[in-house]
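Q: Protein sequence lines, in the order shown, are assigned to chains L and U.
The working numbering puts the first sequence at residues 1 to 161.
The working numbering puts the second sequence at residues 1 to 525.
Careful: at least some of the hints might be erroneous.
To be verified - Cβ pair distances, simulated, as ranges:
1) Leu91/U <-> Ala104/L: 38 to 44 Å
2) Ala131/U <-> Arg56/L: 48 to 54 Å
3) Pro23/L <-> Arg378/U: 36 to 42 Å
4) Thr177/U <-> Thr72/L: 54 to 60 Å
5) Ala104/L <-> Phe324/U: 30 to 36 Å
Hints were generated in silico from the structure; no laboratory data involved.
Virtual Cβ for every residue (Gly too), placed ideally from N, Cα, C.
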Amino acid sequence: MAERSPWAEDRARAIVDDHRAMPGALLPLLHALQEEFGCIDEPAVPLLADALNLSRAEVHGVVTFYQDFRRTRPGRHVVKVCRAEACQAVGAESLLDHVKRTLAVSEGETTPDGAFTLEAVYCLGNCALGPAVMIDDTLHGRVGPARFDALAKTHRAEDPA
Amino acid sequence: MSTPRVFIPRDAAALSVGADAVASAVRAEAEARDLAVEIVRTGSRGLLWLEPLLEVEGPDGTRYAFGPMTPEAVPELFEAGVPAPDTAHPLALGPTEAIPYLADQHRVTFSRCGIIDPLSVADYRAHGGFAGLDRALTMTAEEICAAVTDSGLRGRGGAGFPAGRKWDTVRTAPGETKYIACNADEGDSGTFADRMLMEGDPFLLIEGITIAGLATGATEGFIYMRSEYPHAITTMRDAVALAEAEGWLGDGIHGTDRRFHLHVRVGAGAYICGEETAMLESLEGRRGQVRAKPPLPALEGLFGKPTVVNNVLTLAAVPDILAFGPDVYATFGVGRSRGTQPFQLAGNVRRGGLVEVPFGISLHDLVYRFGGGTASGRPVKAVQAGGPLGAYLPEHLFHLPKDYEAFAAVGAMVGHGGLVVFDDTVDMAAQTRFALEFCAIESCGKCTPCRIGSQRGVEVIDRIVAGEDRDANLALLDDLCTVLADGSLCAMGGLTPQPVRSALRHFPEDFDRPPHTGTARQAAE
Numbered sequence: 001m002a003e004r005s006p007w008a009e010d011r012a013r014a015i016v017d018d019h020r021a022m023p024g025a026l027l028p029l030l031h032a033l034q035e036e037f038g039c040i041d042e043p044a045v046p047l048l049a050d051a052l053n054l055s056r057a058e059v060h061g062v063v064t065f066y067q068d069f070r071r072t073r074p075g076r077h078v079v080k081v082c083r084a085e086a087c088q089a090v091g092a093e094s095l096l097d098h099v100k101r102t103l104a105v106s107e108g109e110t111t112p113d114g115a116f117t118l119e120a121v122y123c124l125g126n127c128a129l130g131p132a133v134m135i136d137d138t139l140h141g142r143v144g145p146a147r148f149d150a151l152a153k154t155h156r157a158e159d160p161a
Numbered sequence: 001m002s003t004p005r006v007f008i009p010r011d012a013a014a015l016s017v018g019a020d021a022v023a024s025a026v027r028a029e030a031e032a033r034d035l036a037v038e039i040v041r042t043g044s045r046g047l048l049w050l051e052p053l054l055e056v057e058g059p060d061g062t063r064y065a066f067g068p069m070t071p072e073a074v075p076e077l078f079e080a081g082v083p084a085p086d087t088a089h090p091l092a093l094g095p096t097e098a099i100p101y102l103a104d105q106h107r108v109t110f111s112r113c114g115i116i117d118p119l120s121v122a123d124y125r126a127h128g129g130f131a132g133l134d135r136a137l138t139m140t141a142e143e144i145c146a147a148v149t150d151s152g153l154r155g156r157g158g159a160g161f162p163a164g165r166k167w168d169t170v171r172t173a174p175g176e177t178k179y180i181a182c183n184a185d186e187g188d189s190g191t192f193a194d195r196m197l198m199e200g201d202p203f204l205l206i207e208g209i210t211i212a213g214l215a216t217g218a219t220e221g222f223i224y225m226r227s228e229y230p231h232a233i234t235t236m237r238d239a240v241a242l243a244e245a246e247g248w249l250g251d252g253i254h255g256t257d258r259r260f261h262l263h264v265r266v267g268a269g270a271y272i273c274g275e276e277t278a279m280l281e282s283l284e285g286r287r288g289q290v291r292a293k294p295p296l297p298a299l300e301g302l303f304g305k306p307t308v309v310n311n312v313l314t315l316a317a318v319p320d321i322l323a324f325g326p327d328v329y330a331t332f333g334v335g336r337s338r339g340t341q342p343f344q345l346a347g348n349v350r351r352g353g354l355v356e357v358p359f360g361i362s363l364h365d366l367v368y369r370f371g372g373g374t375a376s377g378r379p380v381k382a383v384q385a386g387g388p389l390g391a392y393l394p395e396h397l398f399h400l401p402k403d404y405e406a407f408a409a410v411g412a413m414v415g416h417g418g419l420v421v422f423d424d425t426v427d428m429a430a431q432t433r434f435a436l437e438f439c440a441i442e443s444c445g446k447c448t449p450c451r452i453g454s455q456r457g458v459e460v461i462d463r464i465v466a467g468e469d470r471d472a473n474l475a476l477l478d479d480l481c482t483v484l485a486d487g488s489l490c491a492m493g494g495l496t497p498q499p500v501r502s503a504l505r506h507f508p509e510d511f512d513r514p515p516h517t518g519t520a521r522q523a524a525e
């Protein structure tokens, strides 16, 4: 899992300067900031508004429109469980119930130990090998409850104690 | 004797079931035996139920398949000393091309996918790549547009609009600056063809987009990819950099004075950005809210300039049309649906994967002959065709030929070619509720029927299922569907009634269950 630095204005300004000249720079910039800091921190909004000559409301509107952009830092691993139709046809809903029960979180929440943030997503493009789960940027197919538990255990074991 | 070659996919679906572990096992076994073995990482052949599918090259170049491969089954591959097409191996499937699932297809767009190293320009060239672009470089813009029109190619994203006509509109539109915007925001559940192509044959897409540029006078293009596809994004970015380095993109395409620059952009988890005008808004850095049409994007699209917006599969079909001529492409298909369509078999299906065949194949052939029925072994109850906004079709409609007009005639759509199979444990009332819930979650919020009507629809279905004032609520739901279909700017609100109405029409029994009897799924458990 990538290191997530705390908010640092100098670093943020450097990222903004690298991207601001692109046409339609706001989405690439938000991705770059989230990649660096793990989320879109509040001070990012006026910084982006100023750099791109937009109002704060416009930037806020974009940040909140897209599912991907977070306002708080996630856990060490982000678990995305697909709940679209193709995965539903092979038991995605009961897998999601299992994940919620075993991690003791709901969608959008992070486990108390900070290991996992759970998200429900709609299609990971692995529709012939469902149920599909993505942990960080790695896709897993045919994930039943037992396989999910094994994956969760492996990821917890990899983390520093 | 030359170094034996083993092919293992690097496609995300293959990786999701352990392709990397298989590759490591092959490497370890070769090292333990002190053997030189070349491992080529390819795209997927699309026989996804057999992934990870490993192939061993025979002495005459024929590839022999083994799958679904496990690391434990790797040592046995070396029984004869070197990896050999040993048919005694318990996972041996014989020559890959002779597997009926593949042999019965007609691969055009996916002809190289799973065969070549996706990030080797030399491999792409050796398999006929860039022949279409080379041909296009000798033609006028008008001639290229005419060839695409003559081929009968229609937009593969779902709407089925004639591609040549769209290109010609952009070509003749006034203005110096024009754009190509490739829609790779493949958000429909049950579809993965765009992803497979971008991971397995990315230069084909680059070639198609560049030809679109030559045909319209656009010198800059964007591929808008969904963030749920990190692996495809990496592959596509690498491919663009390689194409630039080898003179197939940028200034001076293949030694000519023509230029085309291509950028990969990433969405941020909004399904609606697969709608063309929402995608343009997103590319411009705004909320993905749909625009009213007119103006057409072909006249006022990205940054207000004339823009070709095409799906991945549309653009990827173009190089072959140019290389072999529009007549060859038009010989495939039926009626006004010309060419081949990569269908995708997904959900509860025994042999899930990619099936590229000419239009006109029946749903029955796809689900049974290719798909082998359900994975669970239970009877098929319904197939959802064309993504989350597509109709749920019962078995008695499986004779329908896959063709835009035949599907439209029964209130269904081909869409992007995705088919999701459900067995008899599915509760259609729950699927209908989900369709409306999905619409409520993913609506961009611009049109009231979609933004609010979808939420009201969820509540109405809950009342119907609870047996509360059924007839009045069924009438209300039908009325709501009419408002959604007629009162929405785009397909999100406009087509959400398709799954709802089709489920109500074909599976009324699921909406009229006495309380407390439970669903078939609960009974099966």
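Q: Tell me the hint numbers this structure goes against, listed in increasing order.
A: 3, 4, 5
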